[in-house]
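Undergrad: Chain by chain, the residues run as shown.
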Amino acid sequence: MSEPLLKVVQLRKSFGGVVATDSLDFDVMPGEIHAVIGPNGAGKTTFVAQIAGMLKSDSGTITFDGRDMAGKTAPERSHMGLARSFQITSVFRDFTALENVSLSIQAHAGHSFKFWKRASTDRDLTDPAQKILDDVGLGDKALTLAGNLAHGQQRQLEIAMALATSPKMLLLDEPTAGMGTEESETMRAFLNEMKGKYSMLLIEHDMDTVFSVADRVTVLVYGRGIATGTPEEIRNNAEVRAAYLGEDE
Amino acid sequence: MLSKLKLSILIGSFLILAALPMITEAIDEPFYIDLMARVMIFSIAAMSLDFILGYGAMISFGHALYLGLGTYAVGIMAHYEVTNGWLQLLVCISGTAFIAFILGLISLRTSGIYFIMITFALAQMFYFLGISLEAYGGDDGLPIDTRSEFFSFFDLNDAWNMYYLILGTMTVTAIVLWKIINSRFGMVVRGSHSNDARMQAIGFPTMKYRLAAFVIAGVVCGLAGFLLGNLTEFLTPEYMHWFRSGELMIMVMVGGMGTLFGPLFGAFAYLMVEDFLANFTEYWQFYFGPMLIILVLFAKQGLWGMLPGKEDMSDE
Numbered sequence: 001m002s003e004p005l006l007k008v009v010q011l012r013k014s015f016g017g018v019v020a021t022d023s024l025d026f027d028v029m030p031g032e033i034h035a036v037i038g039p040n041g042a043g044k045t046t047f048v049a050q051i052a053g054m055l056k057s058d059s060g061t062i063t064f065d066g067r068d069m070a071g072k073t074a075p076e077r078s079h080m081g082l083a084r085s086f087q088i089t090s091v092f093r094d095f096t097a098l099e100n101v102s103l104s105i106q107a108h109a110g111h112s113f114k115f116w117k118r119a120s121t122d123r124d125l126t127d128p129a130q131k132i133l134d135d136v137g138l139g140d141k142a143l144t145l146a147g148n149l150a151h152g153q154q155r156q157l158e159i160a161m162a163l164a165t166s167p168k169m170l171l172l173d174e175p176t177a178g179m180g181t182e183e184s185e186t187m188r189a190f191l192n193e194m195k196g197k198y199s200m201l202l203i204e205h206d207m208d209t210v211f212s213v214a215d216r217v218t219v220l221v222y223g224r225g226i227a228t229g230t231p232e233e234i235r236n237n238a239e240v241r242a243a244y245l246g247e248d249e
Numbered sequence: 001m002l003s004k005l006k007l008s009i010l011i012g013s014f015l016i017l018a019a020l021p022m023i024t025e026a027i028d029e030p031f032y033i034d035l036m037a038r039v040m041i042f043s044i045a046a047m048s049l050d051f052i053l054g055y056g057a058m059i060s061f062g063h064a065l066y067l068g069l070g071t072y073a074v075g076i077m078a079h080y081e082v083t084n085g086w087l088q089l090l091v092c093i094s095g096t097a098f099i100a101f102i103l104g105l106i107s108l109r110t111s112g113i114y115f116i117m118i119t120f121a122l123a124q125m126f127y128f129l130g131i132s133l134e135a136y137g138g139d140d141g142l143p144i145d146t147r148s149e150f151f152s153f154f155d156l157n158d159a160w161n162m163y164y165l166i167l168g169t170m171t172v173t174a175i176v177l178w179k180i181i182n183s184r185f186g187m188v189v190r191g192s193h194s195n196d197a198r199m200q201a202i203g204f205p206t207m208k209y210r211l212a213a214f215v216i217a218g219v220v221c222g223l224a225g226f227l228l229g230n231l232t233e234f235l236t237p238e239y240m241h242w243f244r245s246g247e248l249m250i251m252v253m254v255g256g257m258g259t260l261f262g263p264l265f266g267a268f269a270y271l272m273v274e275d276f277l278a279n280f281t282e283y284w285q286f287y288f289g290p291m292l293i294i295l296v297l298f299a300k301q302g303l304w305g306m307l308p309g310k311e312d313m314s315d316e
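Those protein sequence lines, which keep their order, are chains U and V.
Using the numbering used here, the letters of the first sequence correspond one by one to residues 1 to 249.
Using the numbering used here, the letters of the second sequence correspond one by one to residues 1 to 316.
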């Protein structure tokens with residue numbers, strides 16, 4: 001077997017007395033979609049923030065693409081190929097969809113101490129940005145302000161911005177959050193399409209999405225990984241059913 | 001993009017300003033040249049504040065510091081009989097850049113209300129430093145005997161030359177800042193205003209860019225101070241006082257935050273209203289306050305934002 005792309009060993013993070021991530025071991029193989037599920041407050045978003053470099057871990061190691069991530073800032077990790085999306089839609093509302101994605105491209109096209117040439121008509125940025133918008137199905141919304149897009153479209157834009165950084169791995173924090181059935185359907189089809197092209201850590205609440213796209217699933221409860229396995233194994237795991245799935249089914 | 005209306009207003013205003021010296025001479029009211037020169041200097045300062053406040057969400061409550069530093073650069077050098085304008089300009093630019101860099105490093109570690117308070121406190125420190133510098137007049141200030149000397153054929157003691165130097169500086173500043181706002185650099189500054197965590201996630205070390213914007217704003221405001229020192233022929237710590245910083249913020253708000261050109265007119269409106277009301281009463285602020293409240297309540301985008309056609313932020 002090859003080396004995992006992302007390897008997390010004994011990761012820990014507490015806020016005061018609350019342990020949000022508790023001695024967590026976790027890995028993502030190249031090309032794999034590894035989903036993390038768990039009830040509200042299980043520490044999923046904390047986990048993503050730690051991997052993305054937005055929260056300092058108390059202890060434990062994160063290795064990505066063979067490199068220790070300790071002390072690396074969020075922008076540095078982005079440049080190494082880690083791209084994240086946010087649970088709460090986090091697009092630049094006053095910019096057009098095209099400008100949103102262009103910014104991502106710009107972030108990875110050398111420094112931005114360029115003071116003169118107009119950015120919004122710079123084809124070095126807008127051409128690849130338009131292509132990515134086409135890929136995620138937002139091609140005809142390029143000139144709409146992100147704040148005026150429908151919720152589902154903003155979620156797609158969010159992912160387009162992550163894709164524009166040409167990542168090795170995507171950290172998707174609940175891409176279907178707040179979506180209706182139809183929008184979730186579209187997102188699921190989209191995730192399936194990206195399967196194999198990108199390695200992914202997928203945080204998700206929607207079980208249908210998890211069980212249809214994930215290669216492996218880890219169940220997080222109070223910051224602890226209580227089980228890891230194929231979707232089939234997780235579905236049949238008694239402990240998981242008691243801790244989590246039982247509530248839903 | 002600017003709407004046609006806004007572009008016409010800008011060009012129209014420029015033409016009026018360019019013709020003003022001729023007009024004032026024709027009607028024999030030379031006083032207006034000095035008044036407008038003063039207005040334009042504050043326009044430059046207000047634009048530089050809007051550059052970080054309106055576009056970068058860096059609400060500096062100590063921006064007048066750089067206005068004061070500019071006048072000190074001219075004044076102190078003139079005091080030691082260094083009147084070469086180029087040399088003064090070099091000292092002014094590098095000095096304000098250096099101080100803005102250091103103060104930016106400190107204050108940009110904070111945000112929101114803390115940023116407001118720390119920029120306020122740092123500027124006040126310089127104000128009190130100015131007061132304590134007895135060699136340069138302390139709180140009385142110091143007359144500047146000689147205006148900057150650039151070219152032998154361009155004597156700043158001539159009111160017209162002074163006026164056109166200020167008009168030219170304002171015009172160039174407006175164009176350059178507008179280019180910067182729409183450049184890649186400007187996109188980063190505006191993006192971190194809107195969502196700094198997101199900017200970092202897509203790979204921008206935003207602190208560097210915000211610091212650079214802070215320094216640019218400081219230097220531009222320092223240039224305004226350079227001109228102010230020359231125009232008033234006086235240096236005083238009073239220009240660094242927080243009250244002046246507050247005035248600059250009011251000019252930005254009146255003109256329209258995040259519109260760049262709005263503050264040009266904000267400075268004009270503020271100083272004109274001040275000048276007008278002060279004719280009637282010493283307590284002119286008493287009347288100005290309610291006017292400001294009404295403007296802020298009913299026109300959040302300020303005077304410039306009341307014009308039809310939205311150009312800022314989006315390019316539709």
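Source of the hints: derived by calculation from the structure; they are not laboratory data.
All of these numbers come straight from a predicted model, not from anything done at the bench.
There may be inaccurate statements among the hints.
What the hints assert, rightly or not - Cross-link-like lysine to aspartate or glutamate pairs, in silico, EDC-like; alpha carbons within 20 Å at most:
#1 U:K72 x U:D94
#2 U:K197 x U:D122
#3 U:K195 x U:D134
#4 U:K72 x V:D196
#5 U:K56 x V:D196
#6 V:K208 x U:E76
#7 U:K141 x U:E182
#8 U:K197 x U:D65
#9 U:K56 x U:D68
#10 V:K300 x U:D94
#11 V:K6 x V:E25
#12 V:K179 x U:D94
#13 U:K195 x U:D206
#14 V:K179 x U:D27
#15 U:K195 x U:D27
#16 U:K72 x U:D134
#17 U:K114 x U:D127
#18 U:K117 x U:D127
#19 V:K179 x U:D122
#20 V:K300 x V:E247
#21 U:K197 x U:D27
Undergrad: Return the numbers of the hints above that this structure violates; sort them in rising order.
TA: When the structure is compared with the hints, numbers 1, 2, 11, 14, 16 turn out to be violated.
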